[in-house]
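Since the structure of chain A is provided, determine the placement of chains B and C on it from the hints.
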Amino acid sequence: MKKLIKLGVAALTLSMAANIATAEGKLSIYHWFEYIPQELLDKFSAEYDVEVTMDTFDSNEAMLASLKAGKMGTYDVAVPGDYMVEIMAGDGMLDTFTKAEMPNHGNIMDQWVNVGFDMGRKSSIPYQWGSTSFSVNRDDYKGDINTLGIVFDPPAELQGKINVLDSQGELLALASMYLGIPQCTSDRDQLKALNELLQNAKPHWASFGSDIAKDVLVSGDASVGMIWSGFSAKAREEGANVEYAFPKEGYVVWMDNVVLLKDAPNRDNALKFMNFLLEPENAAAVTNYAAYTAGVKGTEPHLSDAVANSPESNPPASPVGEFVQACSQEVQTVYDTIWTNLKK
Amino acid sequence: MAELPKVNPEGSAKTYSGFGIPLIFPAWIIIGFFLVIPVAMMLVYSFLTKEFRGGVIWEFSISAYDQFFLYRGLFGDSPPVIEWTYISIFWRSIWQAGLATFCCLIIGFPTAWFIATRTGRNKTIWLFLITIPYWVNLLIRTISMKFLIRDNGPLNEFFLSIGLISEPFHIINTNFAVQLGLFYSYLPFMVLPIYAAVERYNFALSEAAADLYASRTVTLFKVILPTVRPGIVAGCILVFVPSLGAFLAPDLLGGAKNFMIGSLIEEQFKGAAGNWPFGAAASMILLSLVLIVLTFYARNQTKGQI
Amino acid sequence: MATKNVDLRHFTGFKSLTLLCLFLLYAPLIIVMVYSFNDSNSITRWNTVSLRWYYDLFYGVDAPKFKTAAINSVSIAVMAAISATVIATMAATAMLRAGSFRGKSVSFALINLPLMVPEIVTAVATLIFFSAIGFTTGYLTILIAHIVFCIPFAYLPIAARMQGIEDVYEQAAQDLYATRFQAFRLILLPLMAPGIISGFLLAFIISLDDFIITNFVKGAGVETLPTVIFGAVKQGIKPNIMAISTLLLAVSVGFVALSYFVGRMGEKANPTTTKQGD
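Chains as they are written, first to last, in the numbering used here: chain A, 1446 to 1789; chain B, 44 to 349; chain C, 486 to 763.
What you were told as hints is all true, and nothing was included just to trick you.
Mimicking SDA-like on lysine to any residue, the simulated pairs with C-alpha atoms at most 25 angstroms apart in a straight line are:
1) K552(C) x E1484(A)
2) K1471(A) x D547(C)
3) K1587(A) x P1761(A)
Just so you have them, the derived chain C footprint on chain B, three or more residues with Cβ under 8 angstroms:
4) 184 to 197
5) 300 to 310
6) 325 to 338
Please keep in mind that the hints were generated in silico from the structure rather than gathered at the bench.
On a predicted model such as this, the values are computed, not experimentally measured, just so you know.
Ideal Cβ placement from N, Cα and C applies to all residues, glycine included.
The following block holds chain A by itself, in its conformation from the complex (with noise of 0.2 angstroms):
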C-alpha cells in the first residue's frame, strides 16, 4: 500500500509538471474532435511563442452545452458550424473584431464574406466546409444513385445495409429536401408527412452512427451510408469502391468557423491565431488533414493532388447544397418529437 501510494504521488508530481506552462502567451481552443493536425498547432506555438491548449467536443450541441454550464470564459476560440454561430451570436456569446485586427480579412472568399450566420464575417472566419449526403458501395449496387430515394425509399437490394448518420438536423434536412418541403416548415401537413417519411424509412436502416459511417463502408457491413463528404473521400482512399452521390433534391451543405468568444482571457492571441488561420499555406493544411474545402482564397498550389481533385470536394453546378437553418423553438419541438418517435 505504502509503495502504491508513493507510485501516485510520483506520477502526480510527473503530471503536474507536465502542464506547468513555459511560453509567455497563451492560447486556449476549443475546437472538435481530430480536426486539426498537431504539426499546424505547433507551428503556430513557435512562430509566436504562444502556449495552445486544446479541449475538444463531440457535437455542436455538446459545445453549446459545456459553454453553457461554466465554461465560458476559459476559451479563447472555439469552431462552431454554420448554424451554431448564429445561435451562439444570439446568445452574446461571440465577440467580435474589427478589419484592422485582422490583417488576413481579404484572403476569404467572397462567396463566404457575407453569410446568412454571420454578416461581413464580424466575429468568425471559414474554417472548413463540406457537404452532407450518402455514399454507396458500387460492388452491391450498379443503379441510379442521383436521388435521395436511396437513403429514404431504397429499392429491395439495399434494405436493411443502411447506416444514417446519428444527427437530427442533417437527417430531417435531407429528408425535407427528399418531400421537396421547405427546411423548418411549420406546416402541419408537411410535418406530419415528415414524420412518416421516417417512421417508414427506419425498418430499412440497419443502423445509426455517426463515428463508424466511414468504418461500416469500408468493412462492407453497410452497403449505403449517409456520411460527410471528406469522410466518404477517406473511406475511398482506405480501398472501398464507394461512390458519393449529390442527389437531385439537393444535399446539405456545412461550414465549420473559427469564433471569437466572449471574455476571452487572451484576446490578442486568438486574433493572432484566427489570422494564422487564415493565411493560405496554413488553410490548405487543415484541408489536405480533413479532406474538406478550405474557406481561403489562394490554397491551391498547396494542396495534395488527391484532395485537390476529390470528387467528394468538386459538387457539381446543379443542384446546390443548402445550409442546416436553425428551427424557431415552435418548429423544433416538433422535431425533437418526429426525433423521439423515430428512435422510441
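Below, chains B and C without anything else, positioned relative to chain A:
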C-alpha cells in the same frame, strides 16, 4: 453445529459502536459536497422552464414531468393521453440490463467460486486475469467485439469454415448483440464482489450438509447461495445499475436504433433537443426508481432478515 | 480444511465456465493485439505486419499527447482508487461494525448515489457546480469527480466481505486486551484483504475507463486516455489506438508478473503468510 458461523446482519455487530460511527463521515462529506449538492441542483432544474437550446430559465414549471407522462400529439395541442414512449424506453433498458445481470451471474458465480477455491497467491493472479482486459478502454473493447461478430467477421468465418453454419450468423445490430456487449462490459463487476464473499465461505457448512445427506445441488442452493448472498447482491447492483445507463453497447453493437435511458438523457443535454429540465426530470425518475429498490434492500438488511 | 472422498469445493462444470469466461474476456483483445501490427491505415483492411504504429506512438506528432494522457489516466486511477478504497473501508466499518445509528439507510443510499445518477447528469451537474463555486477545471477536478464515483464500486465488495466476517474474532481480541484499533488493524483488516483488493481493482478499472464525466470536468489541455481515444476514433479507428491498448495490456501483465514474483520471494522468506483467510 455450535460453531456454525452466522452471517453478520447489518446492525448487530457492535465492535466499534459509538467510536466507529465517525468513520462514515469522509464518505458523507465527499459525496455530500461533490454529488448531493449538484444532484439537488438537477432536482431543482427539473422543475424549471427550459431555455431554448440548452440551459434553464428560473421560472417554476412541471412541463418536464408533463412531457414524460402525457402525450399531446405531434404539435402539442391534442387532448393529453398517457405517454408510453418514455415508459417503454425505461422498460426496455430495465429488461436489457436485467438480462445482462442474469447472464453475468450465471457465468460470474462459477468463475468467482473457482477462483476462491484456488490456493494462496493463485487467487490474486486469477483476479488480475479477470481485470487485465479492462485496462483496455471500453470503447476499444466494444469496437473489437463489433469487429469480431460482424457478418463477415472472424467468428462467422470460423464457423463457416468448420461447416457449423452455412450462412453468416447475423448478430450485429440486434438485441442479442446489445446483451453480449453489456455482459462483456460489466462481467468483473459481478465476479469480484462474489469472490470476496465466497472466499470467506466456511466449508464446514458444506460438510455438515453432506453429512445430512444433502445432494450437491441442494447444498449449493440451500446452504452456499444464502451464505454468500451479500456478495451476489453487491455484484447484481454493480452490473445492473451501470447497465441501465450504458450507451456504448447499444450504440455500437445495437445500431442506436432505439433510445435507451442513457442515450435519451444524453440527447437532452448534448443533442439537438437541448432540453435540460426534461433530461433532469428523466434522471430524477430513474434515480427514484433505483433508490426505492435500494432503500427497500437496506431496510431489509437493517432488520437482519438475510 | 479436511478434504473428504468427495471434494466439496468442486462443482462439475465450474472450471469450464471459468475458462469460457476467460475466453469471452480475451477474444476481443486478440483482435486488438493482432491489428496493432497492421500496416494499413484502417483496422478493417489487413495489409502487412509492421511495427509502424508503435513507432508512431513514441515518435509521431501525437506522441507527447499520448504520453501525458497515459500518465494522467494511470495516476488519476491509482489515486482515485486508493482514496475511494480507504473511504469505503472506513464507511463499511461504520455501517457494519458500529451498531445501529440514525440515518443508516440514508447513508447506504448516499454511498451508492454515485452509481445511481446517470453519468451525463453527474457530468453536467458537477461542471455547473464547479463553475458556481469558482473551481478551475483541470487535473484536480477530474480527480475529485473520480474519487466520488469510485466509492460505491469499492464499497460494495468490501461490505459484502465484511458481512461474512463474524465479529467474534475482534471481540476475542478485545477480550485479550487488544485495543479497538489493534483489533481492527490486526484482525479485521487481514480478514478483509480479498474484499479490499476486489474493491480497489474495480475502482481502478472504472476510473481508468471513464469518458463522459472526465470529458466535462477536465480543463483545456488536460487529457486522459479515454478522451484521447474517443477523439482519435472520431476519424475512424486507426491501428495506433490498437497499439496503445496493446502496450497498456503489456504493462498491466508486467505489473502482475512482477507482483507475483515479488510475492513469491516474500513467501519464501515468511512462509506463514500464505493460506490465510481460507
